[in-house]
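Visitor: Each chain, letter by letter, is given below.
There are 2 protein chains.
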Amino acid sequence: MTVSDRIRIGKALEINPQLFDNENVKSVAKRVLIGKAQGASNFVMRLFTVGEGGYSPNHSHPWEHEVFIVAGVAGVVSDQGEVEAPAGSYVFVPSGVKHQFKNRGKGNLEFICVIPSSADEE
Amino acid sequence: MTVSDRIRIGKALEINPQLFDNENVKSVAKRVLIGKAQGASNFVMRLFTVGEGGYSPNHSHPWEHEVFIVAGVAGVVSDQGEVEAPAGSYVFVPSGVKHQFKNRGKGNLEFICVIPSSADEE
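Residue numbers (the numbering used here), protein chains in the order written: chain L, 2 to 123; chain C, 2 to 123.
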């Protein structure tokens with residue numbers, strides 16, 4: 002749906018997800034909400050949905066994450082351990098820092114994760 | 002709270018808000034979750050809380066917005082009218098496009114709004 006020729010509005014869950022489920026990542030659905038395809042050239046907004054017991058890969062990369070926990074409870078894992086981040090929390094992961102998000106609650110964990118377009122990750 | 006020396010985690014509502022209430026903007030609380038002060042140099046994540054009947058200014062500016070509606074119902078106003086965006090919606094406002102967010106629901110409207118650091122808006 003479009004308000005004008007240029008403002009773009011839509012429901013996140015109507016976007017087809019990319020699904021990830023392998024030895025490094027479990028029960029993760031990724032949706033790109035706003036990115037290059039929508040005309041956004043500086044940064045990319047994604048929504049991640051992690052099923053019960055699921056987790057993102059434990060990795061690092063040369064771009065930062067700006068995260069907001071929308072629903073559920075995340076366990077944010079770093080080299081120094083794990084901290085709980087319930088809905089309403091923000092998480093800043095600077096470039097080069099190892100990190101992992103685990104679903105530590107009942108039901109789905111949902112979080113927004115923004116990255117720079119230079120990440121070229123989509 | 003900090004997981005490591007570098008990952009930053011916190012509860013959004015524990016951040017002191019800037020409050021806006023004048024002839025152009027009504028019942029708006031703005032919280033900067035992740036920005037330059039946290040070491041983020043590319044883009045800034047803010048959380049806006051708009052009380053019942055409240056609205057952001059109807060304006061345009063040379064930077065884009067990437068928005069996710071966390072709670073409530075937004076009315077997104079542009080030159081071509083108003084479109085409802087309930088919780089779970091994304092809104093992309095490109096640079097230079099006039100826009101306004103109104104609370105069209107019961108209770109608070111909450112949305113994440115990301116801008117480039119070049120906006121120098123904080």
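Hints were generated in silico from the structure; no laboratory data involved. Be aware that a few hints might be false.
[As the list claims (entries may be wrong)] Derived DSS-like pairs: lysine-lysine, alpha-carbon spacing no greater than 25 Å straight-line:
| hint | chain 1 | residue 1 | chain 2 | residue 2 |
| --- | --- | --- | --- | --- |
| 1 | L | 99 | L | 12 |
| 2 | C | 99 | C | 31 |
| 3 | L | 37 | C | 99 |
| 4 | L | 12 | L | 31 |
| 5 | L | 99 | C | 103 |
| 6 | L | 107 | C | 37 |
| 7 | C | 107 | C | 31 |
| 8 | C | 27 | C | 99 |
| 9 | C | 12 | C | 99 |
| 10 | C | 103 | C | 27 |
| 11 | L | 31 | L | 107 |
| 12 | C | 27 | L | 107 |
| 13 | C | 12 | C | 37 |
| 14 | L | 12 | C | 37 |
| 15 | C | 107 | C | 27 |
| 16 | L | 27 | L | 107 |
| 17 | L | 31 | C | 12 |
| 18 | C | 12 | C | 31 |
| 19 | L | 12 | L | 37 |
| 20 | L | 107 | L | 12 |
| 21 | C | 107 | C | 37 |
| 22 | L | 107 | L | 37 |
| 23 | L | 31 | C | 107 |
| 24 | L | 31 | C | 103 |
| 25 | L | 27 | L | 99 |
| 26 | L | 99 | L | 31 |
| 27 | L | 99 | C | 99 |
| 28 | C | 12 | L | 103 |
[Claimed, not checked] Part of the chain L face toward chain C, derived, beta carbon under 10 Å:
| hint | residue |
| --- | --- |
| 29 | 17 |
| 30 | 20 |
| 31 | 23 |
| 32 | 41 |
| 33 | 52 |
| 34 | 85 |
| 35 | 87 |
[To be verified] Covered stretches of chain C (in silico footprint by chain L; criterion: 3 or more residues with CB under 8 Å from a CB of chain L, positions within the stretch not fixed):
| hint | stretch |
| --- | --- |
| 36 | 44-55 |
| 37 | 109-119 |
Every residue gets a Cβ at the ideal spot worked out from N, C-alpha and C, and that includes glycine.
Visitor: All hints, please: hold or fail.
Guide: Hints versus structure:
1. Proposed proximity of residue 99 of chain L and residue 12 of chain L is contradicted: the alpha carbons are some 31 Å apart, above 25 Å.
2. Of the pairs offered as hints, the one joining residue 99 of chain C and residue 31 of chain C holds, with about 20 Å between alpha carbons and a cut-off of 25 Å not exceeded.
3. Proposed proximity of residue 37 of chain L and residue 99 of chain C is supported: the alpha carbons are some 21 Å apart, at most 25 Å.
4. Note on residue 12 of chain L and residue 31 of chain L: the hinted pairing holds, with a Cα-Cα distance of about 14 Å set against a maximum of 25 Å.
5. Our distance criterion of 25 Å between C-alpha atoms is broken by residue 99 of chain L and residue 103 of chain C, whose separation comes to about 39 Å.
6. The hinted pair formed by residue 107 of chain L and residue 37 of chain C fails the criterion: a straight-line CA distance of about 34 Å is larger than 25 Å.
7. With a C-alpha separation of about 19 Å, the suggested pairing of residue 107 of chain C with residue 31 of chain C holds against the 25 Å cut-off.
8. Straight-line distance between C-alpha atoms of residue 27 of chain C and residue 99 of chain C comes to about 18 Å, which keeps the hinted pair within the 25 Å bound.
9. For a cut-off of 25 Å, the pair hint linking residue 12 of chain C to residue 99 of chain C is broken: about 31 Å separates their Cα positions.
10. Our distance criterion of 25 Å between C-alpha atoms is met by residue 103 of chain C and residue 27 of chain C, whose separation comes to about 9 Å.
11. With a C-alpha separation of about 19 Å, the suggested pair residue 31 of chain L and residue 107 of chain L falls inside the 25 Å cut-off, and the hint holds.
12. Under the criterion of a C-alpha separation no larger than 25 Å, the hint pairing residue 27 of chain C with residue 107 of chain L is inconsistent with the structure, at around 37 Å.
13. The hinted pair formed by residue 12 of chain C and residue 37 of chain C meets the criterion: a straight-line CA distance of about 18 Å does not exceed 25 Å.
14. As the CA atoms of residue 12 of chain L and residue 37 of chain C are separated by approximately 30 Å, the hinted pair breaks the 25 Å bound.
15. Between residue 107 of chain C and residue 27 of chain C the CA atoms are separated by roughly 15 Å; this keeps the pair inside 25 Å, and the hint holds.
16. Between the alpha carbons of residue 27 of chain L and residue 107 of chain L the distance comes to roughly 15 Å, so the proposed pair stays at or under 25 Å and holds.
17. As the CA atoms of residue 31 of chain L and residue 12 of chain C are separated by approximately 24 Å, the hinted pair is consistent with the 25 Å bound.
18. For a cut-off of 25 Å, the pair hint linking residue 12 of chain C to residue 31 of chain C stands: about 14 Å separates their Cα positions.
19. With a C-alpha separation of about 18 Å, the suggested pairing of residue 12 of chain L with residue 37 of chain L holds against the 25 Å cut-off.
20. Our distance criterion of 25 Å between C-alpha atoms is met by residue 107 of chain L and residue 12 of chain L, whose separation comes to about 23 Å.
21. Simply put, residue 107 of chain C and residue 37 of chain C have alpha-carbon atoms about 34 Å apart, too far for the 25 Å limit, and the pair is violated.
22. With a C-alpha separation of about 34 Å, the suggested pair residue 107 of chain L and residue 37 of chain L falls outside the 25 Å cut-off, and the hint is violated.
23. Only pairs whose Cα atoms come within 25 Å are accepted, and residue 31 of chain L paired with residue 107 of chain C is rejected, the gap being roughly 30 Å.
24. For the hint pairing residue 31 of chain L with residue 103 of chain C, the CA-to-CA distance comes to about 29 Å; that exceeds 25 Å, so the pair is violated.
25. Taking the CA atoms of residue 27 of chain L and residue 99 of chain L, the gap is about 18 Å. The hint holds against a cut of 25 Å.
26. Note on residue 99 of chain L and residue 31 of chain L: the hinted pairing holds, with a Cα-Cα distance of about 20 Å set against a maximum of 25 Å.
27. For a cut-off of 25 Å, the pair hint linking residue 99 of chain L to residue 99 of chain C is broken: about 39 Å separates their Cα positions.
28. Annotation: proposed proximity of residue 12 of chain C to residue 103 of chain L holds, straight-line Cα distance about 18 Å (limit 25 Å).
29. A hinted interface residue such as residue 17 of chain L counts as satisfied when its beta carbon comes closer than 10 Å to some beta carbon of chain C; here the least separation is about 14 Å, so the hint is violated.
30. The interface hint given for residue 20 of chain L is violated, since its Cβ lies 19 Å from the closest Cβ of chain C, which is over the 10 Å cut-off.
31. The interface hint given for residue 23 of chain L is violated, since its Cβ lies 24 Å from the closest Cβ of chain C, which is over the 10 Å cut-off.
32. With 10 Å as the threshold, the beta carbon of residue 41 of chain L comes within range of chain C, its nearest partner Cβ sitting at about 6 Å, so the hint holds.
33. At a threshold of 10 Å, the smallest CB-CB gap from residue 52 of chain L to chain C is about 17 Å, leaving the interface hint violated.
34. A least Cβ separation of about 9 Å between residue 85 of chain L and chain C falls short of the 10 Å threshold, and the interface hint therefore holds.
35. A cut of 10 Å between beta carbons decides the hint on residue 87 of chain L: the least distance to chain C is about 8 Å, and the hint holds.
36. Only residues whose C-beta sits within less than 8 Å of a C-beta in chain L count toward coverage, and the stretch 44-55 of chain C has 3 of them, enough to reach three; the restraint holds.
37. Residues of the stretch 109-119 of chain C with a Cβ under 8 Å from some Cβ of chain L number 3, which satisfies the need for three, so the listed coverage holds.
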